[in-house]
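Peer 1: Residues per chain, in single letters:
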Amino acid sequence: MQKSLIRGVQGRGKFIIGGMLILAAIIYLIVSATQSNAEYFMTVNELRSKGNSLVGRSLRISGAVFGDTIQYDPLTMNLTFDVAHVPGDNAAIKMGGGLAAVLHTAVTDPTRTRLTIIYNGPRPDLLRDEAQAIITGHLGEGGIFYADELLLKCPTKYQEGIPSQVVNSN
Amino acid sequence: MLAQFGIGMFLLTFLLALFSVGAAVAGYFSKSDRLVEAARRSMLLIFPLITVAALTLIYLLVTGHYEIEYVYSVTSNDMPFYLKVTALWGGQAGSLVLWSWLMSAFASAVTLRKWERDRELLPWVIVVTSVTLAFFLSLTILYENPFARWWQTTAGDFVPRMFAPAGAVAITPMDGQGLNPLLRHPGMIVHPPMLYLGFVAFVIPYAFAIAALVTGHSDDRWIRLTRRWTLVAWVFLSIGLVLGMRWAYDVLGWGGYWAWDPVETASLMPWLTGTAFLHSVMIQEKRGMFKQWNMLLIILTYALVIFGTFLTRSGVFSSVHAFSQSAIGPMFFAFIGITFVTSLALLIYRWKDLRAEVEMRSLFSREAFFLLNNLLFMGILIVCFWGVVFPLISELVTGQKVTVGPPFYQRANGPLFGALMAIMGIAPLTAWGGSTAGTLGRMLWKPAIPSLLTTVILLFLGMRNWIALIGFTLVAFVIFVTIYEFWSGGRSREKKFKENFLVALWQLAGRNRRRYGGYLIHLSMVVMAIGILGIEVYRTTTQKTLAVGEDIQIAGYTLRYNSLAQFPSTDGRFVTRANMSVFRDGKLLGNLYPRYDYYPTSGQMMTVAGVRSTLADDLYVVLVNWENVSLIQAPFKVYHNPLINWLWIGSLMFILGFLVAAWPSRPEEDF
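Line by line, the protein sequences give chains A and B.
Each residue of the first sequence is one higher than the last, beginning at 531 in this note's numbering.
Each residue of the second sequence is one higher than the last, beginning at 19 in this note's numbering.
To be clear, the hints were calculated from the coordinates, so they are not data collected in a lab.
It should be emphasised that the depicted structure is a prediction, and the values quoted were computed from it without experimental measurement.
Note that the Cβ used here is the ideal one computed from N, Cα and C, for glycine as well.
Treat the hints loosely; a few may be bogus.
[Unchecked claim] A short, non-exhaustive set of chain B residues, derived as facing chain A with CB atoms under 10 Å:
id, residue
1, 161
2, 389
3, 405
4, 412
5, 414
6, 421
7, 430
8, 646
9, 682
[Claimed, not checked] EDC-like, lysine to aspartate or glutamate: derived pairs with alpha carbons at most 20 Å apart:
id, chain 1, residue 1, chain 2, residue 2
10, A, 580, B, 413
11, B, 562, A, 678
12, B, 562, A, 655
13, B, 605, B, 569
14, B, 370, B, 303
15, B, 132, B, 193
16, A, 544, A, 603
17, B, 562, A, 603
18, B, 513, B, 503
19, B, 49, B, 175
20, B, 419, B, 193
21, B, 419, A, 679
22, A, 683, B, 645
23, B, 419, A, 678
24, B, 370, B, 279
25, A, 580, A, 612
26, B, 419, A, 569
27, B, 419, A, 655
28, B, 562, A, 679
29, B, 304, B, 377
30, B, 605, B, 568
31, A, 683, A, 659
32, B, 464, B, 503
33, B, 132, B, 268
34, B, 562, B, 503
35, A, 683, A, 619
36, A, 624, A, 639
37, B, 49, B, 138
38, B, 304, B, 371
39, B, 419, A, 576
40, A, 683, A, 655
Produce the complete structure using the sequences and hints provided.
Peer 2: Now the structure itself:
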């Protein structure tokens, strides 16, 4: 009885134990890597409502750019600007009359929540009034957002392509 | 007229593919050789017909038929001839055509082989390849017709359609938009066909596996028959991946080669299961084990191949590859679901027949290490799969949009890749069947000593990063084991056959191509690892806005901004190019010309880095495209990428290893 048990452990058992250990290691790697590296998409409102609990976390924010807040020093490459809250999901953007309209309302509405962004790097060409900024970075103390990465969209530049020069073929 | 002809050809081949499926199934069940033969012949017809259709599309591309929407979107008058040809896979519809074309070539090739001994498998090989082909052809016909032309509707809108909408007028643009400038690169010209060749070739072993399951052949015949196909599929997929890396490095201007973008990750996934498969089939051939596992691996590989094509092609995920967005997502999803579930059901049905012939006994045997290798590859696969689907799951379950970036993959996969390298070193020293820790230990200490010596030397030279230390030790370990294997094999031949040592080596590799080719591939992998460790651990970067005459420093180099040139190029680009001098210790090493090109037709911008590349490091300079670039202020980003060249050297070695492994040594039954 005891002998067969030992043989069992020596036979298949050790492979099962070994396999379990590897599986556990893989699960541990996935869970810990997800926890420490997950990047949360948020709107400016969500960010403001959660406040300081987010400090230090990796975040991705979308907002409408205020043109007159853009300050850029080409020598130090320090760039700061403010963004206004825009809704996060596509349905709400469609309801608001498309991205361009939503961005326009966001910038002209004085009651909108704002967020100041600080970035170090070359100033992107597309950074202008009423552009949509998608900013990856983290929230610092004092409610300022430190950006590692800037992605900009100008709705007008992304219109559906139609033939530019056309002639009727008949 | 040509357009109608082209789509007509696709329709015809689609019907032929359906006929092949029907005739093969009917032929199998009615045991009618004539029906199976009919299926085979119709299969053979598909390749020339798709070739004609594809050539028609290429003709339209090359001759600038901009009334065709696809031609309009990927070519323009100012593009050179070869780019107009390769524009075939510059967009969604065309790349599906390429997929079908390659698939039909492989399907025809496989039906052309001599089938006498394996006649029973033939109908089901035809069924699987034809169903796959029919699926892709249906996408072309129903959703992504590359032959649709422009119409102007009565409302004034421009729409691409095959047939005229009511009252619409046919429109012919004078010029096209041109190929996305990012795709006008040699790497991008070869990358998609290579990747697709790899994808498509994996369909063949899968087809044989399914044929074996349906007909109840539980032996390893299907594996032996498709051994070379698998190797070809795997090598093309690998080359495709490396070319993609090279393209990213040269063109995307961020100084890196791999971003764990969902689409990149998706094309890596079938490579992972394919690599695991390539290893574990050897155990089935040698020991009659892992039969169920091998079936599962090839089924997974097939599903991931389709999933990979789906991710690139559906626009589900935003990425650098997201130039393609369309409605074919649900179709792919349904197809993957149906084929996967059917395959699994078949496997479960045959599960008992596929039991191992012998039990695994020792934890230190060769087969145990192959098992470990497979588990690690599956681990990396799970990490990748999780990284790709986690955002979707999270949004579905919690409503919170979350993604994981490169750090996630690096952290989770890094230890797994490290363990794989360790196994790469240990496994060749193990013995089949029963083995103990003692016998393995006696084999291990010889290569282990110089490897640990390497660690000591690196420590002595001042390397303190523990990831790099472990990584380079493992690299050294694999290299020493491989040398040891070649050396001891060569020496024993030298003694036995009284051959010169070099002749003995040549004979050794020639007689065991698969084994020694495999060792060369292992070597190439660790050489690539040198490059990856170099850039991942030691890369540095800096940025600065410079006026002419000013310097920027990085890693002991000094770069001086000399001048700026802005001029239109002959092919319509507008070039902005900086001239920089590179100094080290006050000595001029050469000049670099980082630039960016503006393509007015499409309004797109392309950054071309200035790169000084040596075996030790790459100096990679980007002139940041910014509207106020001038002599007084130009922003530069500089990357110092140590050892990155070894990544490319390793990939060349890899092809050499493949040639050794796959070169036919004598007429064989498989091809």
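Peer 1: Taking the hints in turn, state whether each one holds.
Peer 2: We went through each hint and held it up to the structure:
At its closest, the beta carbon of residue 161 of chain B sits 18 Å from a beta carbon of chain A; the interface hint therefore is violated under the 10 Å criterion. Satisfaction of the interface hint for residue 389 of chain B is found here, the shortest Cβ-Cβ separation to chain A being roughly 8 Å, below the 10 Å cut-off. Here the hint on residue 405 of chain B is kept, as its CB sits about 9 Å from the closest CB of chain A, short of 10 Å. A cut of 10 Å between beta carbons decides the hint on residue 412 of chain B: the least distance to chain A is about 8 Å, and the hint holds.
Annotation: interface hint on residue 414 of chain B violated; nearest CB of chain A at approximately 13 Å, more than 10 Å. Of the supplied interface hints, the one on residue 421 of chain B holds, with its beta-carbon coming within about 5 Å of a beta-carbon of chain A, less than 10 Å. For residue 430 of chain B, the interface hint holds, the least distance from its beta-carbon to any beta-carbon of chain A being 4 Å, beneath 10 Å. Checking residue 646 of chain B against chain A by beta carbon gives a least distance of about 8 Å; that is within 10 Å, so the hint holds.
For the restraint placing residue 682 of chain B at the interface with chain A, the shortest Cβ-Cβ distance is roughly 37 Å, beyond the 10 Å limit, so the hint is violated. Of the pairs offered as hints, the one joining residue 580 of chain A and residue 413 of chain B holds, with about 18 Å between alpha carbons and a cut-off of 20 Å not exceeded. For the proposed pair residue 562 of chain B and residue 678 of chain A, the alpha carbon gap of about 16 Å is at most 20 Å, so the pair holds. As the CA atoms of residue 562 of chain B and residue 655 of chain A are separated by approximately 17 Å, the hinted pair is consistent with the 20 Å bound.
Simply put, residue 605 of chain B and residue 569 of chain B have alpha-carbon atoms about 14 Å apart, close enough for the 20 Å limit, and the pair holds. In summary, the hint linking residue 370 of chain B to residue 303 of chain B is supported, as the alpha carbons are separated by about 18 Å, within the 20 Å threshold. A threshold of 20 Å between alpha carbons decides the hint, and for residue 132 of chain B with residue 193 of chain B the separation of about 50 Å lies outside it, so the pair is violated. Taking the CA atoms of residue 544 of chain A and residue 603 of chain A, the gap is about 64 Å. The hint is violated against a cut of 20 Å.
Between residue 562 of chain B and residue 603 of chain A the alpha-carbon distance is near 11 Å, which keeps this suggested pair within the 20 Å criterion. Of the supplied pair hints, the one linking residue 513 of chain B and residue 503 of chain B holds, its CA atoms being roughly 16 Å apart against a limit of 20 Å. A distance of roughly 56 Å separates the Cα atoms of residue 49 of chain B and residue 175 of chain B; the hinted pair therefore is violated under the 20 Å criterion. Taken as a hint, the residue 419 of chain B and residue 193 of chain B pair is broken in the structure, with Cα atoms around 41 Å apart against an allowance of 20 Å.
Note on residue 419 of chain B and residue 679 of chain A: the hinted pairing holds, with a Cα-Cα distance of about 18 Å set against a maximum of 20 Å. Of the pairs offered as hints, the one joining residue 683 of chain A and residue 645 of chain B holds, with about 16 Å between alpha carbons and a cut-off of 20 Å not exceeded. The suggested pairing of residue 419 of chain B with residue 678 of chain A holds, with an alpha-carbon distance near 19 Å, which does not exceed 20 Å. A C-alpha spacing of about 40 Å is found between residue 370 of chain B and residue 279 of chain B, which places the hinted pair above 20 Å, so the restraint is violated.
For the hint pairing residue 580 of chain A with residue 612 of chain A, the CA-to-CA distance comes to about 19 Å; that is within 20 Å, so the pair holds. Restraint check for residue 419 of chain B and residue 569 of chain A: satisfied, since their Cα atoms lie roughly 9 Å apart, inside the 20 Å limit. Taken as a hint, the residue 419 of chain B and residue 655 of chain A pair is broken in the structure, with Cα atoms around 28 Å apart against an allowance of 20 Å. A hinted pair counts as satisfied when its Cα atoms are at most 20 Å apart, and residue 562 of chain B with residue 679 of chain A qualifies at roughly 17 Å.
At roughly 13 Å between alpha-carbon atoms, residue 304 of chain B and residue 377 of chain B fall within 20 Å of each other, so this suggested pair holds. With a C-alpha separation of about 16 Å, the suggested pair residue 605 of chain B and residue 568 of chain B falls inside the 20 Å cut-off, and the hint holds. For the hint linking residue 683 of chain A to residue 659 of chain A, the alpha-carbon distance of about 11 Å falls within 20 Å, and the restraint holds. For a cut-off of 20 Å, the pair hint linking residue 464 of chain B to residue 503 of chain B stands: about 11 Å separates their Cα positions.
Proximity of residue 132 of chain B to residue 268 of chain B is assessed by CA-CA distance (about 45 Å); at most 20 Å being required, the pair is judged violated. Taking the CA atoms of residue 562 of chain B and residue 503 of chain B, the gap is near 51 Å; set against the 20 Å cutoff, the hint is violated. Using a Cα cut-off of 20 Å, the hinted pair residue 683 of chain A and residue 619 of chain A holds, with the two alpha carbons roughly 16 Å apart. Taking the CA atoms of residue 624 of chain A and residue 639 of chain A, the gap is about 18 Å. The hint holds against a cut of 20 Å.
Among the hinted pairs, residue 49 of chain B with residue 138 of chain B is consistent with the structure: their alpha-carbon atoms are about 10 Å apart, no more than 20 Å. The straight-line distance between the Cα atoms of residue 304 of chain B and residue 371 of chain B is roughly 18 Å, inside the 20 Å bound, and the hint therefore holds. For the hint linking residue 419 of chain B to residue 576 of chain A, the alpha-carbon distance of about 12 Å falls within 20 Å, and the restraint holds. For the given pair, residue 683 of chain A sits about 10 Å from residue 655 of chain A by alpha-carbon distance, which is consistent with the 20 Å threshold.
Comparing the model with each numbered hint stated earlier shows that hints 1, 5, 9, 15, 16, 19, 20, 24, 27, 33 and 34 do not hold.
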